[in-house]
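Chemist: As a plain string of letters, each chain reads:
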Amino acid sequence: MSTAPGVEICTLIIENRECGGRSDQTILDVAEEYGIFIPTLCRLPGLSSIGACRMCLVEVKGSNKLLPACVTKVQEGMEVTVNSERLEAYRRTTLELLFSERNHICSVCVTNGHCDLQSLAQKLGVNHITMPYLHPHVEVDASHPRFIADHNRCILCTRCIRVCAEIEGAHTWDLMGRGTKARVITDLNRPWGESESCTGCGKCVQVCPTGALSEKGQAAGEMMKRRQFLPYLSMMREVGK
Amino acid sequence: MLTNAKVVSPPSDDKRWKIIDGTMRRHGHQPHSLIEVLHTMQETFGFLTDDGLRYVATSLRVPYSKVYGVATFYHFFTMKPPGKHTCVVCTGTACHIKGANTLLAAVQEESGLKAGETTRDGSLSLLTARCVGSCGLAPAAVFDGQVAGKITTDSIKRRVRDFLGNETDAEILSVGEHQ
Amino acid sequence: MNQDDLANIAVQTKQEESRYDHVIKVCVAAGCLSANSDQVKTQLESEVKQRGLESCCKVKGVGCMGLCAAGPLVAGEGNEKMFQNVTPADASAILDSIVDNKPAPENVVIDSHLDFFTGQKKIVLENSGEIDPERVEDYIAADGYEALFHCITKLKPLGVVEQVTKSGLRGRGGAGFPTGLKWTTVYKAGTGQKYVICNADEGDPGAFMDRSVLESDPHRVLEGMAIAGYAVGANKGFIYCRAEYPLAVKRLRTAIRQAESHGLLGNNIGETHFDFKIEIRLGAGAFVCGEETALIASIEGGRGTPRPRPPFPAQSGLWDCPTLINNVETFANIPPIIRRGGEWYSTIGTEKSKGTKVFALAGRVVNTGLIEVPMGITLREIIFKLGGGIPEGRRFKAVQSGGPSGGCVPEQYLDIPVDYDSLASVGSIMGSGGMIVMDETSCMVDVAKFFMDFCMSESCGKCVPCRVGTTQMHNILERISEGRATQNDLEQLKELTGMVKAASLCGLGQTAPNPTLTTLRYFMDEYKAHIEEGRCPAGICHPVKDKEEAEVGA
Ligand SMILES: Cc1cc2nc3c(=O)[nH]c(=O)nc-3n(C[C@H](O)[C@H](O)[C@H](O)COP(=O)(O)O)c2cc1C
Ligand code: SF4
Ligand code: SF4
Ligand code: FES
Ligand code: FES
Chain B
1 MSTAPGVEIC TLIIENRECG GRSDQTILDV AEEYGIFIPT LCRLPGLSSI
51 GACRMCLVEV KGSNKLLPAC VTKVQEGMEV TVNSERLEAY RRTTLELLFS
101 ERNHICSVCV TNGHCDLQSL AQKLGVNHIT MPYLHPHVEV DASHPRFIAD
151 HNRCILCTRC IRVCAEIEGA HTWDLMGRGT KARVITDLNR PWGESESCTG
201 CGKCVQVCPT GALSEKGQAA GEMMKRRQFL PYLSMMREVG K
Chain A
1001 MLTNAKVVSP PSDDKRWKII DGTMRRHGHQ PHSLIEVLHT MQETFGFLTD
1051 DGLRYVATSL RVPYSKVYGV ATFYHFFTMK PPGKHTCVVC TGTACHIKGA
1101 NTLLAAVQEE SGLKAGETTR DGSLSLLTAR CVGSCGLAPA AVFDGQVAGK
1151 ITTDSIKRRV RDFLGNETDA EILSVGEHQ
Chain L
2001 MNQDDLANIA VQTKQEESRY DHVIKVCVAA GCLSANSDQV KTQLESEVKQ
2051 RGLESCCKVK GVGCMGLCAA GPLVAGEGNE KMFQNVTPAD ASAILDSIVD
2101 NKPAPENVVI DSHLDFFTGQ KKIVLENSGE IDPERVEDYI AADGYEALFH
2151 CITKLKPLGV VEQVTKSGLR GRGGAGFPTG LKWTTVYKAG TGQKYVICNA
2201 DEGDPGAFMD RSVLESDPHR VLEGMAIAGY AVGANKGFIY CRAEYPLAVK
2251 RLRTAIRQAE SHGLLGNNIG ETHFDFKIEI RLGAGAFVCG EETALIASIE
2301 GGRGTPRPRP PFPAQSGLWD CPTLINNVET FANIPPIIRR GGEWYSTIGT
2351 EKSKGTKVFA LAGRVVNTGL IEVPMGITLR EIIFKLGGGI PEGRRFKAVQ
2401 SGGPSGGCVP EQYLDIPVDY DSLASVGSIM GSGGMIVMDE TSCMVDVAKF
2451 FMDFCMSESC GKCVPCRVGT TQMHNILERI SEGRATQNDL EQLKELTGMV
2501 KAASLCGLGQ TAPNPTLTTL RYFMDEYKAH IEEGRCPAGI CHPVKDKEEA
2551 EVGA
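Protein chains in written order, with my numbering: chain B, 1 to 241; chain A, 1001 to 1179; chain L, 2001 to 2554.
Simulated from the structure, these hints should not be mistaken for laboratory data.
Note that the structure is predicted; figures quoted are calculated from it, not measured.
Cβ atoms here follow ideal geometry from the backbone N, Cα and C, with glycine treated the same way.
Mixed in with the good hints, there may be bad ones.
Only pairs whose alpha carbons sit at most 25 angstroms apart, straight line, appear in this in silico PhoX-like list of lysine-lysine [said to hold, decoys possible]:
1) L:2494 - B:65
2) L:2081 - L:2121
3) L:2121 - L:2049
4) L:2501 - B:65
5) L:2188 - B:73
6) B:73 - L:2528
7) L:2058 - A:1150
8) A:1080 - A:1114
9) L:2352 - B:65
10) L:2049 - L:2081
11) L:2081 - L:2156
12) L:2060 - B:181
13) L:2049 - L:2014
14) L:2154 - L:2277
15) L:2250 - L:2277
16) B:61 - L:2501
17) L:2188 - L:2236
18) A:1157 - A:1084
19) A:1150 - A:1114
20) A:1114 - B:181
21) A:1080 - B:181
22) A:1018 - L:2156
Far from chain A by the CB rule (all over 12 angstroms, computed), these chain L residues [what the hints assert, rightly or not]:
23) 2341
24) 2380
25) 2441
26) 2524
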């Protein structure tokens, strides 16, 4: 393993296992190398990490705050707890909050069975929602010739925004508003089909963790996401710098 | 001088675009001057327009969606034309404790307006603010940019009545404009 | 300009003023201006002219005198004589009183020996209500810019940092982080481009300390920032000021222009090699932009959303450069600390909370306005001595400090000292200095709902716990206030407070549950009355009377 200047090799403990990593790696990077599972939603390898969904929170000995594994760099001697009663409860609550926020009806969704949100919920044992649904009125934008944006399924992870800005370089997507009123938009909040900047590459559709962005003409459960392009393109971007 | 400027022409031949151009030039057309430029646009025109956002986006080379995202993130910016007069009721903590809600109810009783609305004739907008920094004078309100303290339901109704009352000319005018 | 020029201006300005037998000060800060103090000032001036007193009587606009609720305020004879609720019609009587020592009408006279005035200790506000905020000469005559000149001509940057560390000053923006430590970090962060940012976003909806400092003594903040720039090695500063404060922005612009033309800002300050420029950036109505990483995102022209720390701004901030961010009041403390020494400052206050703190006292209290008190004073002294107690003979219920991030402190804790740690021990925080007094006419469920509503609409929406959590908590509080809630709701509320506090990304979400938590802790009886009896003890909420009907509806 060769290291860049200033980068050190460190040893740390994750879930009682001794692990080795570089000081420019995150806790999540190292955990994955050792096959230790930490749930994630907003993060996607190849895109910048933003620490927003809070699924990956872990406890680090000596810190009174919970830290997002996706953006916290490892340090020599760190002791990381990934699974505790408290962390698991918080993750389930986070998922419940997401399900309660918009209108997620899996049985009719194009990504039913291939959805990151759904599979995380299954994995973490969230099978019913105790919180009242907020039932916002949000729309479906079917103006694009090949894609559909169904805001009912959007969890505001901003993966679409990041892939479009960071990889495709089009920056068609962004967020408008704030709080629960925030929404992803294309250009000046015009229908996607009228977008002047969209290249129609479809990367946003592929990275979207849910059925919010999908290809047209898919029946419930048919939309599979293809993300193999990401590691390659993000590597090319690094090289290009 | 080296600038980031891209040659685009303003959305209309309204002279006021020169003011927005001025702000952009002062900041060397840097993308990070976006918020300053939006402030100038709102000060100049009273609100932000789609055309204006498009113009600023192109001039500063900021993506459309980002400009729209910024404009809607900050509550100070509005994309709706404001009324001729504005009444801002403070709903900060001190004013809440001293009955800001009853003031809002009083304005609604007098004008039918809820917070964030403008009368159909465009004579008055009712807005709320989270503290205008006059908590010592709570409850406070701002009438056409002038802060007034120790407001009562009677005094606010009187101000609202004045605003609505002498607007018969404006009412006709703005109806004309809308046609 | 060099040190001698500075001293000359000071001497000249003092001499000019001492030519007058009487200086009549009229408050022209925003509070009194909104009560037409400018007209009072004009009337006084023309009265002076009419009586031919121009050579012995000077009318001067000054900054905030503190007792904002009684404005317009006028003072004369070195504050021995003070007048309240002054109208232009009172001008003549006030002149009679000041010049001819005749008794003024009782309704305008204030006793200048009120506890409200004598119970204060002024460091940050030493010039407020004394100098003309629109004249740099007035500030210089009050030892202004002396500290900056001392630093750049006599001290090494590290020497300045040492004084600040020695003073024990902690950040006045809310969290109370040791200022010396922050300066040291930025000082050590290499030799490249660095920035200084003054946080003047003052987002707490019930606080106006920073506004008052900026309107009454803007040069003090500029001087503090320039000293910071010299100490940490930055040549550029930004003031991020909320757009809701037009007068503060105007006075800041004037002050920057004056400082530049006097060579107090710009290149080669004091004929040394030190350069420092300051620009103003306007906020646009987003509370979260007070959070430092969101503030930086906003200065960079984007949506004001926070990002995870580390890296802290001190290491990587504005345009990824090391950046020092301090609050207005923090910077305002710097010139006196340099002038009189860190040691001196550390003798004021308590062991872990040094110096004084400015509070904006408001709500159900007799004297509302601005006070500066030494740390360690009790809440009871502030509210009942300086504040004059609760009006109309009503009973005190709670005092809210720290705004949306703070908590409600009940009567049983009125005797705790006001310092960072004591307030935290009862579930509140020092915060930036908003202090809202509530009496029996306030409903604590309603107060909790009010703050949650605030946090919900100010949440940037980036992270899930805060974005959706505050909304769910708000809805539960609304159901409680309307008498539609069940025991289950209460349990869920408690669970969410813990989760949102621990899991949110930034300080907004992490502290949003505080007002709810403290009211749950100290006023459970009020929650119960709403839930079990459908009754609001304070008569603010209108819970559904018929509980059964509510249950069927839910
Ligand atoms: C949601 C939120 C809002 C804040 N608002 C302000 C503010 O309005 N003014 C301020 O000075 N600090 C505010 N802060 C604190 C700043 O993040 C930062 O700690 C402070 O400016 C540092 O200065 P100090 O060390 O001098 O206190 C806020 C923090 C949070 C989390
Ligand atoms: S549309 Fe999909 S990728 Fe984009 S923010 Fe929503 S859930 Fe995430
Ligand atoms: S805690 Fe709230 S304000 Fe802070 S990042 Fe999360 S959503 Fe935004
Ligand atoms: S994956 Fe780390 S916060 Fe979303
Ligand atoms: S709360 Fe209304 S002015 Fe501050």
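Chemist: None of the hints should be skipped; say for each whether it holds.
Modeler: Okay, the hints, checked on the actual structure:
1. Of the pairs offered as hints, the one joining residue 2494 of chain L and residue 65 of chain B holds, with about 19 angstroms between alpha carbons and a cut-off of 25 angstroms not exceeded.
2. About 19 angstroms separates the Cα atoms of residue 2081 of chain L and residue 2121 of chain L, which keeps this hinted pair within 25 angstroms; it holds.
3. Between residue 2121 of chain L and residue 2049 of chain L the CA atoms are separated by roughly 36 angstroms; this puts the pair beyond 25 angstroms, and the hint is violated.
4. Straight-line distance between C-alpha atoms of residue 2501 of chain L and residue 65 of chain B comes to about 10 angstroms, which keeps the hinted pair within the 25 angstroms bound.
5. For the hint pairing residue 2188 of chain L with residue 73 of chain B, the CA-to-CA distance comes to about 21 angstroms; that is within 25 angstroms, so the pair holds.
6. Restraint check: the Cα-Cα separation between residue 73 of chain B and residue 2528 of chain L comes to about 46 angstroms, which exceeds 25 angstroms; the hinted pair is violated.
7. Restraint check for residue 2058 of chain L and residue 1150 of chain A: the C-alpha separation of about 31 angstroms exceeds 25 angstroms, so the hint is violated.
8. Proximity of residue 1080 of chain A to residue 1114 of chain A is assessed by CA-CA distance (about 15 angstroms); at most 25 angstroms being required, the pair is judged to hold.
9. Under the criterion of a C-alpha separation no larger than 25 angstroms, the hint pairing residue 2352 of chain L with residue 65 of chain B is consistent with the structure, at around 23 angstroms.
10. A C-alpha spacing of about 21 angstroms is found between residue 2049 of chain L and residue 2081 of chain L, which places the hinted pair at or below 25 angstroms, so the restraint holds.
11. At roughly 45 angstroms between alpha-carbon atoms, residue 2081 of chain L and residue 2156 of chain L are farther apart than 25 angstroms, so this suggested pair is violated.
12. A threshold of 25 angstroms between alpha carbons decides the hint, and for residue 2060 of chain L with residue 181 of chain B the separation of about 49 angstroms lies outside it, so the pair is violated.
13. A threshold of 25 angstroms between alpha carbons decides the hint, and for residue 2049 of chain L with residue 2014 of chain L the separation of about 22 angstroms falls inside it, so the pair holds.
14. Distance restraint check for residue 2154 of chain L and residue 2277 of chain L: the Cα-Cα separation of roughly 21 angstroms lies within the 25 angstroms cut-off, and the hinted pair is therefore satisfied.
15. At most 25 angstroms may separate the alpha-carbon atoms for a hinted pair to count; residue 2250 of chain L and residue 2277 of chain L meet this at roughly 17 angstroms.
16. Distance restraint check for residue 61 of chain B and residue 2501 of chain L: the Cα-Cα separation of roughly 19 angstroms lies within the 25 angstroms cut-off, and the hinted pair is therefore satisfied.
17. In summary, the hint linking residue 2188 of chain L to residue 2236 of chain L is supported, as the alpha carbons are separated by about 17 angstroms, within the 25 angstroms threshold.
18. Of the supplied pair hints, the one linking residue 1157 of chain A and residue 1084 of chain A holds, its CA atoms being roughly 17 angstroms apart against a limit of 25 angstroms.
19. For the proposed pair residue 1150 of chain A and residue 1114 of chain A, the alpha carbon gap of about 21 angstroms is at most 25 angstroms, so the pair holds.
20. For the hint pairing residue 1114 of chain A with residue 181 of chain B, the CA-to-CA distance comes to about 19 angstroms; that is within 25 angstroms, so the pair holds.
21. For the suggested pair residue 1080 of chain A and residue 181 of chain B, the alpha carbons sit about 18 angstroms apart, so the restraint of at most 25 angstroms is met.
22. Proposed proximity of residue 1018 of chain A and residue 2156 of chain L is contradicted: the alpha carbons are some 47 angstroms apart, above 25 angstroms.
23. At roughly 33 angstroms from the closest C-beta of chain A, the C-beta of residue 2341 of chain L stays outside 12 angstroms, upholding its exclusion from the interface.
24. The Cβ of residue 2380 of chain L sits about 20 angstroms from the closest Cβ of chain A, beyond the 12 angstroms cut-off, so the non-interface label holds.
25. Interface exclusion of residue 2441 of chain L from chain A breaks down, the closest Cβ pair being 8 angstroms apart, not more than 12 angstroms.
26. No beta-carbon of chain A is positioned within 12 angstroms of the beta-carbon of residue 2524 of chain L; the least distance is around 21 angstroms.
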